[in-house]
Amino acid sequence: MPYGLRMHEIDNGGDMPHSTREPRRRFLKGAGMLALGGMAPAIVRAQGEPLQLGVLTPLTGAGGFDGPRMAKAMQAVIDEVNANGGLLGRKVVLVVEDGQTNPEAAVRAARKLIDVTKVPAIMGTWASAVTSAVAPLCWESKTFLTTVSGADSITRLPHQGYLIRTQPNNHLQAGKHADFIASMGVARCFMMSIQAPFAEPTQTRATEVLKEKGSQMVGTLIYDKDKTTYRSEVDRALRTNPDLIYLNGYAPDVTILLRDLYRASYAGKRFAQSYAVTSKVLESLPHQVTEGVITVQPSADVTSPAYELAKKRLGIAEPDSYETQATDWASLVSLAIAKAKLATGTGIRDNVRKICQGDGTKVYSAVEGLKLLAQGREINYEGASGPCDFTDIGDIVDCKFRYNKVADGKFVLLKVA
Amino acid sequence: MPSLADVGQLLVNGVMAGTILAVPAIGLTAIYAVLRFPNFALASHATIGAFAGYVANARLGWPLLPSVAIAFIVAGGVGVITDETVLKRFRPAGYITTAIASIALTIALENVVRFVFGNELRGYELPIQRDWRIGAIRVGPQQVTNLAIAGVAMAALFGFLGFTRMGKAMRAVADNPMLAAIKGIDADTIGRIVNFVGMGLAGLGGMLIGLDTTIDPLTGFRSILSVFAAAVVGGLGSIPGAVIGALTVGIGEELCLLFLSPDYRSAVGFVAILVVLTLRPRGILGQRAY
Numbered sequence: 005m006p007y008g009l010r011m012h013e014i015d016n017g018g019d020m021p022h023s024t025r026e027p028r029r030r031f032l033k034g035a036g037m038l039a040l041g042g043m044a045p046a047i048v049r050a051q052g053e054p055l056q057l058g059v060l061t062p063l064t065g066a067g068g069f070d071g072p073r074m075a076k077a078m079q080a081v082i083d084e085v086n087a088n089g090g091l092l093g094r095k096v097v098l099v100v101e102d103g104q105t106n107p108e109a110a111v112r113a114a115r116k117l118i119d120v121t122k123v124p125a126i127m128g129t130w131a132s133a134v135t136s137a138v139a140p141l142c143w144e145s146k147t148f149l150t151t152v153s154g155a156d157s158i159t160r161l162p163h164q165g166y167l168i169r170t171q172p173n174n175h176l177q178a179g180k181h182a183d184f185i186a187s188m189g190v191a192r193c194f195m196m197s198i199q200a201p202f203a204e205p206t207q208t209r210a211t212e213v214l215k216e217k218g219s220q221m222v223g224t225l226i227y228d229k230d231k232t233t234y235r236s237e238v239d240r241a242l243r244t245n246p247d248l249i250y251l252n253g254y255a256p257d258v259t260i261l262l263r264d265l266y267r268a269s270y271a272g273k274r275f276a277q278s279y280a281v282t283s284k285v286l287e288s289l290p291h292q293v294t295e296g297v298i299t300v301q302p303s304a305d306v307t308s309p310a311y312e313l314a315k316k317r318l319g320i321a322e323p324d325s326y327e328t329q330a331t332d333w334a335s336l337v338s339l340a341i342a343k344a345k346l347a348t349g350t351g352i353r354d355n356v357r358k359i360c361q362g363d364g365t366k367v368y369s370a371v372e373g374l375k376l377l378a379q380g381r382e383i384n385y386e387g388a389s390g391p392c393d394f395t396d397i398g399d400i401v402d403c404k405f406r407y408n409k410v411a412d413g414k415f416v417l418l419k420v421a
Numbered sequence: 007m008p009s010l011a012d013v014g015q016l017l018v019n020g021v022m023a024g025t026i027l028a029v030p031a032i033g034l035t036a037i038y039a040v041l042r043f044p045n046f047a048l049a050s051h052a053t054i055g056a057f058a059g060y061v062a063n064a065r066l067g068w069p070l071l072p073s074v075a076i077a078f079i080v081a082g083g084v085g086v087i088t089d090e091t092v093l094k095r096f097r098p099a100g101y102i103t104t105a106i107a108s109i110a111l112t113i114a115l116e117n118v119v120r121f122v123f124g125n126e127l128r129g130y131e132l133p134i135q136r137d138w139r140i141g142a143i144r145v146g147p148q149q150v151t152n153l154a155i156a157g158v159a160m161a162a163l164f165g166f167l168g169f170t171r172m173g174k175a176m177r178a179v180a181d182n183p184m185l186a187a188i189k190g191i192d193a194d195t196i197g198r199i200v201n202f203v204g205m206g207l208a209g210l211g212g213m214l215i216g217l218d219t220t221i222d223p224l225t226g227f228r229s230i231l232s233v234f235a236a237a238v239v240g241g242l243g244s245i246p247g248a249v250i251g252a253l254t255v256g257i258g259e260e261l262c263l264l265f266l267s268p269d270y271r272s273a274v275g276f277v278a279i280l281v282v283l284t285l286r287p288r289g290i291l292g293q294r295a296y
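Chains as they are written, first to last, in this note's numbering: chain A, 5 to 421; chain B, 7 to 296.
Certain hints may be false.
According to the in silico footprint, chain A covers these stretches of chain B (three or more CB under 8 Å from chain A) [unchecked claim]:
no.	segment
1	190–199
2	238–252
Label pairs and their computed distance ranges (CB to CB) [stated by the list, open to error]:
no.	chain 1	residue 1	chain 2	residue 2	range
3	A	D119	B	P183	33 to 39 Å
4	A	G218	B	I109	51 to 57 Å
5	B	I102	A	E295	31 to 37 Å
6	B	L66	A	G296	49 to 55 Å
7	B	A273	A	R112	22 to 28 Å
8	A	D396	B	I109	40 to 46 Å
9	A	K419	B	A162	52 to 58 Å
10	B	L66	A	E108	48 to 54 Å
11	B	R97	A	A87	51 to 57 Å
Treat the hints as calculated values from the structure; they're not laboratory data.
Here a beta-carbon is modelled for each residue, glycine too, at the ideal position from N, C-alpha and C.
Build the full structure now, drawing on both the sequences and the hints.
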């Protein structure tokens, strides 16, 4: 199904408000009825303006596979919230913009959400470069931002608390990945990273951990994106004779790297993030090219009751980490607004930790939490992506990882650890 | 110290990359030579060509060469239609307005492709082969095929320009539109032909890029800056210049790896523009079409 259509559905789906035009339309309608038949005037029913929340996922570009699914997961939570009476007596509406996996386009879209739509929260930035560009707009305008970007630098920005991420940061990820690589008995690892904010910190941390575990990083390189071939880069990597090559990029470039490695007859292991080797990537490449590739992703908390609820809500057997993180953002933001009794970025910032950590009653969905908050009870939201406990700078405290291996064009679970 | 084999491998890689780049660069420069504006809609036409070839190859099961021909024909056809319906109206407003309209057009067309095919990466139904090793140098069979297709396309174009009446008329309009008009050459017809050939080459180039990688709606957009760099370095408006410019950018981007980290590769094309234009403001071969 084309994503353009999906965006349209989410963006303008039947119940999208036209708040500024509505009263005038009602007036005209009423006046028209009076003029036509002198009938009773239309009764203008008082109704709160809908509460608009911003969604800025990449619907196109390298993140175009995850973005639309994330937007859908958020919409599913908001539908439940609306069915339960909305927030602060108002109906909640998601305003979806396309970040295009492109900082410049995302900044324009964020400006629209902040300045025109005036949303209290923007949920969904995906690429680290996009989040780095959008975050300053958010904290300057006191808009709350939730993200899956992994670069360490993001939570170190002076965001004054207006940012949380449910994705493990780079440091945590790189360390765990290196630990896993060493546990496979790999002696010589080479890392090829796309030019992105996460490239160097990941290389540095993985090198440290590999050394601690008795393995070795025999070389690293950072490559340019948007190239049609990486043959020379592959040659450089192969000269170090690695047992494993960690392809730390995005789908378009990792696809080319996998092809070029196959052509160069590289027989060692290949390791990549799951967002770089997706099921669509497997479909687009011959099986012999992807055979044996190991992928890693932050895992949803598959044992959590929140995960079971997300499965039912989305109607899919195994929601992935991105869908569950998006589920958690929509829930956290909704609960923080209800707790603050105020739909502002500052209200969300000051209350988000009051609803997701601490001694309150554990809840596993937004609706469940909203009911308890309405009774004046304290809650602790436990998410589908993990426990959703945040440090002072907005990082999650811990999370699980899922390792898959490609066999005959399909993913086979190696382990969740 | 890099070995001779390393330099040789980089040179081979550079020639391969440059030759593929040359195909759409010729398209860009040919359109510029006749219509006098840089047509950035080339990016989306490269994508359209790549997808037309994909439909022929992966959906209809056609072999490589007919699929490549379809890429050329569909992109060329779309090029004529978009020029007639959109860009032609902008031309009286000047080349800057037309160039900007072409950027808008390319984004619109790219989204049409996205609407029809979605965002995911797609690959052609071609077996992937291991590289040949010739001494210390590695060469890919697919690259050699691409090189041959690009070479044949360029030879055909040069034959068309050099030996056919229409080709000569095209060069005449490019060199001196007023004189050509006095001689009774219809500039509109020539405009249509150059659009067909130029955008056809873009489509072919898009497919050649896709054969070596995968395709998605941004395939053309990702390469357009390098294509533009190649055309400018060679001399915008000069068709042999586009080939020389593409080889300069292609080989330059590879050889720079001897001294620079790979993440500076794209910068090389643009440094080449600055150096060449500083020394030769009209590009390596100037702006004579042929």
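Right, here's what the structure says about each hint:
no., hint, verdict
1, 190–199, "violated (count 0)"
2, 238–252, "violated (count 0)"
3, A:D119 x B:P183: 33 to 39 Å, "violated (47 Å)"
4, A:G218 x B:I109: 51 to 57 Å, "holds (54 Å)"
5, B:I102 x A:E295: 31 to 37 Å, "violated (51 Å)"
6, B:L66 x A:G296: 49 to 55 Å, "violated (32 Å)"
7, B:A273 x A:R112: 22 to 28 Å, "holds (25 Å)"
8, A:D396 x B:I109: 40 to 46 Å, "holds (44 Å)"
9, A:K419 x B:A162: 52 to 58 Å, "holds (56 Å)"
10, B:L66 x A:E108: 48 to 54 Å, "violated (38 Å)"
11, B:R97 x A:A87: 51 to 57 Å, "holds (55 Å)"
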